[in-house]
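Protein chains: 2
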Amino acid sequence: MRVMGVDPGLTRCGVGVVDGAPGTPLRLVRVEVVRTGADEEIAARLLGIETGIAALMDELRPDAVAVERVFSQHNVRTVMGTAQAAGVAMLLAARRGLPVAMHTPSEAKAAVTGNGRADKAQVTKMVTRLLRLETAPKPADAADALALAICHVWRGGAQARLQAARSRTRGGMRP
Amino acid sequence: MRVMGVDPGLTRCGVGVVDGAPGTPLRLVRVEVVRTGADEEIAARLLGIETGIAALMDELRPDAVAVERVFSQHNVRTVMGTAQAAGVAMLLAARRGLPVAMHTPSEAKAAVTGNGRADKAQVTKMVTRLLRLETAPKPADAADALALAICHVWRGGAQARLQAARSRTRGGMRP
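Residue numbers (our numbering), protein chains in the order written: chain A, 1 to 175; chain B, 1001 to 1175.
Heads up, some of the hints might be wrong.
[Said to hold, decoys possible] Here are some chain A residues the structure puts well away from chain B; computed CB gaps all over 10 Å: (1) 26; (2) 86; (3) 129; (4) 139.
[Said to hold, decoys possible] Label-pair distances were calculated between CB atoms; the ranges are: (5) 1136(B) / 2(A): 46 to 54 Å; (6) 106(A) / 1059(B): 38 to 46 Å; (7) 115(A) / 1037(B): 33 to 41 Å; (8) 133(A) / 1040(B): 37 to 45 Å; (9) 1096(B) / 104(A): 28 to 36 Å; (10) 1021(B) / 61(A): 41 to 49 Å; (11) 1035(B) / 115(A): 41 to 49 Å; (12) 1037(B) / 54(A): 23 to 31 Å; (13) 1037(B) / 61(A): 27 to 35 Å.
Because the hints were derived from the structure by calculation, they are not lab data. Note that beta-carbon positions come from the ideal geometry of N, C-alpha and C, so glycine has one too.
Between the sequences and the hints, there should be enough to build the whole structure, so can you do that?
Pasting the structure below:
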């Protein structure tokens, strides 16, 4: 199963794509950060995010998309933008008939480190180890997106197959 | 100037299109409510909103899009969905090179009733009067979307022209 993890954000949107299945080794396919300028208008930034993620989806053809669940624990302005970037990723997946799953940051951290409160350094270290990379993925958003994808491979495999089956029955329009 | 007002929401997304210019009578072009089911997954709902708004944009070809500015004053879950629906509308506008403006609910209310705290009945009454309609637009989301479009015609005319000019200079990719 190929999973695209998306750590949503307007300034930096992490996208990590991983191949794997429960019980088999993981393989890094791609990791990128889609960036938009803080001086741009929100509509233009969402378009930038869309263009970046769509290109990666069309090139890498993931089987499922895992998006970080957004909470409004930070300041309102940031959360809105993050929620909208997450919405763009979900919309792109739905348009391609791909199942979408949402995992919380602590689910992703717990999946790769065993600790839901692990810090960024620990997450990066484990992602680097699990994917057998020679250098750590940077910036942190990139590692977070990979952690999310790994979390989905391990946690959400069964659920994703169920959704995909459901999606095919419905004609591929819904995840 | 033809303005599309969008009152964003996942369950009911109001879309109101108005022709007008400061100092000339307003004309109703279309008012609709794009609906998605609360039992659908968020990704599918965003796709439903996109399909509905895109069809109206392509048919009615507005010169500008006015989206209600979302605040996180209500419960978090609702606000996220509303922000994402607003994001979809902005994205669709940006993709077409249309200028996007955001107005707060009180700006829209103040524009049509003179009172930023006017209730829904008062807003509906004034929208009906200003557009010289025989019957009031329903539901309230429809009237709100029209109020937003009218607000933009009156408030944002100059700003929209400026943005459109800027957008043309940049090659139509940005609002």
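Against the structure, the hints:
1. With a minimum CB-CB distance of about 25 Å to chain B, residue 26(A) clears the 10 Å threshold, and the non-interface call stands.
2. Non-interface call for residue 86(A) relative to chain B: violated, since the shortest CB-CB distance, roughly 7 Å, does not exceed 10 Å.
3. No Cβ of chain B comes within 10 Å of the Cβ of residue 129(A); the nearest lies about 32 Å off, and the non-interface call holds.
4. For residue 139(A), the shortest C-beta to C-beta distance to chain B comes to about 23 Å, beyond the 10 Å cut-off, and the non-interface label holds.
5. Checked against the given bound of 46 to 54 Å, the beta carbons of residue 1136(B) and residue 2(A), roughly 52 Å apart, stay inside it.
6. The beta-carbon spacing between residue 106(A) and residue 1059(B), approximately 45 Å, falls within the hinted interval of 38 to 46 Å.
7. For residue 115(A) paired with residue 1037(B), a C-beta distance near 38 Å keeps the hint of 33 to 41 Å intact.
8. Our hint of 37 to 45 Å for residue 133(A) and residue 1040(B) holds, since their Cβ atoms are close to 38 Å apart.
9. Residue 1096(B) and residue 104(A) have their C-beta atoms about 35 Å apart, which keeps the hinted 28 to 36 Å range intact.
10. Checked against the hint of 41 to 49 Å, the pair residue 1021(B) and residue 61(A) passes, with Cβ atoms roughly 48 Å apart.
11. At roughly 43 Å, the beta carbons of residue 1035(B) and residue 115(A) sit within the given window of 41 to 49 Å.
12. The hinted range of 23 to 31 Å is satisfied by residue 1037(B) and residue 54(A), whose Cβ atoms lie roughly 26 Å apart.
13. Range check, residue 1037(B) to residue 61(A): about 29 Å between beta-carbon atoms, so the 27 to 35 Å window is met.
In this structure, the one hint that does not hold is number 2.
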